[in-house]
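Asker: Residues per chain, in single letters:
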Amino acid sequence: EAGVAQSPRYKIIEKRQSVAFWCNPISGHATLYWYQQILGQGPKLLIQFQNNGVVDDSQLPKDRFSAERLKGVDSTLKIQPAKLEDSAVYLCASSLLLQGREQFFGPGTRLTVL
Amino acid sequence: EDKVVQSPLSLVVHEGDTVTLNCSYEVTNFRSLLWYKQEKKAPTFLFMLTSSGIEKKSGRLSSILDKKELFSILNITATQTGDSAIYLCAVTSQGGSEKLVFGKGTKLTVNP
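For the protein sequence lines, the chains are Z and B, in the order given. Those letters in the first sequence? Residues 1 to 114, by my numbering. Those letters in the second sequence? Residues 1 to 112, by my numbering.
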């Protein structure tokens with residue numbers, strides 16, 4: 001079974017630039033999550049999709065972050081404009097159903113904002 | 001707000017030692033507690049615990065949950081250098097989002 005795919009693996013940008021990350025979940029997984037992991041911290045949920053609908057985006061900084069999952073499969077997370085504090089690893093995860101199943105994580109994208 | 005506290009934050013041991021990692025939590029309407037191992041970037045799933053007192057075991061790793069005292073432990077026996085990683089504890093709550101609320105992790109270093 002193929003795992004969660006993410007790209008790019010690394011990205012370096014200057015502050016105020018824009019960046020986009022892509023995620024393809026495990027086939028058949030209806031639920032997709034984006035997490036932000038700042039160095040020395042545990043991952044923090046940014047947004048959660050169930051198929052192509054948003055379940056939880058309460059911790060997404062909506063003035064600069066956006067995400068979509070138009071066809072209920074792969075997803076894109078965008079930051080515009082980026083700030084220094086956005087430097088982090090962005091992890092995508094997926095799970096079979098909404099309730100009570102473990103989440104499987106992709107390799108992440110390490111973003112450095114200069 | 002749901003909260004997860006892990007201890008210790010870092011730990012250095014020698015191969016063959018046994019280690020115990022701790023995770024305490026405060027969560028409204030607890031559903032489950034999960035342990036993940038993070039070596040490079042992607043956390044990999046270890047255990048999901050939902051019931052008190054039932055030990056889950058996988059090889060040299062085992063974990064147990066105490067829902068009365070609101071904590072879990074992860075034991076690793078006969079540690080190997082390949083066990084070096086950050087071990088993350090997370091909780092989920094019932095109703096609505098299934099988001100994982102993570103602790104900061106315990107960084108385990110196993111020296112040969």
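Possibly wrong hints are sitting among the right ones.
Said to hold, decoys possible - DSS-like, lysine-lysine: derived pairs with alpha carbons at most 25 Å apart:
| id | chain 1 | residue 1 | chain 2 | residue 2 |
| --- | --- | --- | --- | --- |
| 1 | B | K41 | B | K104 |
| 2 | Z | K71 | B | K107 |
| 3 | Z | K83 | B | K37 |
| 4 | Z | K83 | B | K57 |
| 5 | Z | K15 | B | K41 |
| 6 | Z | K15 | Z | K71 |
| 7 | B | K67 | Z | K83 |
| 8 | Z | K11 | B | K40 |
| 9 | B | K57 | Z | K11 |
| 10 | B | K57 | B | K104 |
| 11 | Z | K78 | B | K67 |
| 12 | B | K40 | Z | K44 |
| 13 | B | K3 | Z | K44 |
| 14 | Z | K62 | B | K3 |
| 15 | B | K68 | Z | K62 |
| 16 | Z | K44 | Z | K83 |
| 17 | B | K104 | B | K40 |
It is worth saying that the hints were derived from the structure and are not from the lab.
Asker: Against each hint, give a clear statement of whether it holds in the structure.
Answerer: Each hint, compared with the structure:
no.	hint	verdict
1	B:K41 <-> B:K104	holds (14 Å)
2	Z:K71 <-> B:K107	violated (38 Å)
3	Z:K83 <-> B:K37	violated (29 Å)
4	Z:K83 <-> B:K57	violated (43 Å)
5	Z:K15 <-> B:K41	holds (23 Å)
6	Z:K15 <-> Z:K71	violated (31 Å)
7	B:K67 <-> Z:K83	violated (40 Å)
8	Z:K11 <-> B:K40	holds (16 Å)
9	B:K57 <-> Z:K11	violated (38 Å)
10	B:K57 <-> B:K104	holds (23 Å)
11	Z:K78 <-> B:K67	violated (39 Å)
12	B:K40 <-> Z:K44	holds (17 Å)
13	B:K3 <-> Z:K44	holds (12 Å)
14	Z:K62 <-> B:K3	holds (23 Å)
15	B:K68 <-> Z:K62	violated (38 Å)
16	Z:K44 <-> Z:K83	holds (17 Å)
17	B:K104 <-> B:K40	holds (16 Å)
Taken one by one, the earlier hints fail for this structure at numbers 2, 3, 4, 6, 7, 9, 11, 15, listed in ascending order.
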